[in-house]
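Novice: Sequence:
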Amino acid sequence: MALLLVGALPSWVAAAPQPPGAPAAETVQPQNVSARVEPRQVRIGDPFLYEVVITHPKEHRYELVLPKETGDFEVLDQTRQRKDGPDSATTTIGVRMSAFSLGLVQVPALTFDVATPDGPKKFSLPGREVEVTSTL
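In our numbering, the protein residues as written are 16 to 151.
Since the hints were derived computationally from the structure, they do not count as laboratory data. Predicted model, so just to flag it, every value in this text is computed and none were measured. We put the CB at the ideal spot given by N, CA and C, even for glycine. There could be a bad hint or two in this list.
[Unchecked claim] Label pairs and their calculated CB-CB ranges: (1) 87 - 139: 17 to 27 Å; (2) 103 - 41: 15 to 25 Å; (3) 44 - 150: 39 to 49 Å; (4) 130 - 49: 16 to 26 Å; (5) 73 - 115: 16 to 26 Å; (6) 134 - 99: 16 to 26 Å.
[To be verified] The calculated lysine-lysine pairs, modelled on BS3-like cross-linking and capped at a C-alpha distance of 30 Å, are: (7) 137 - 83; (8) 73 - 137; (9) 73 - 98.
Kindly generate the complete structure, drawing on both the sequences and the hints.
Specialist: Here is the structure:
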């Protein structure tokens with residue numbers, strides 16, 4: 016079973032918090048975003064995929080900034096694919112992770128550096144939940 020969210024960006028999608036005293040980075044909103052965790056239930060230590068599909072203007076480039084603090088998660092690898100259409104582009108980011116805490120746990124939020132014709136910007140997506148079960 017997969018969780019798939021598609022549609023306009025909700026109000027909870029916001030920029031990543033900035034350290035005190037740091038200049039606020041400009042944010043950008045993609046045209047559309049969907050995110051899913053597959054599978055939704057994993058055994059402790061087993062890999063799962065956190066996939067984000069972003070539709071955006073062709074002149075924008077989205078690059079994942081891996082979280083510095085991942086808590087009870089380990090990032091195993093990541094992939095990035097981009098497909099250009101006539102008026103927009105779709106970037107698919109896959110982050111393969113494993114979890115080391117039992118129960119319903121929150122995957123870390125993902126932050127993206129976005130290159131635009133107006134200069135660098137940021138986009139942040141809150142984490143999703145995955146259920147982690149025992150191997151016993």
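Novice: If you test the structure against every hint from before, which numbers come out violated?
Specialist: 5
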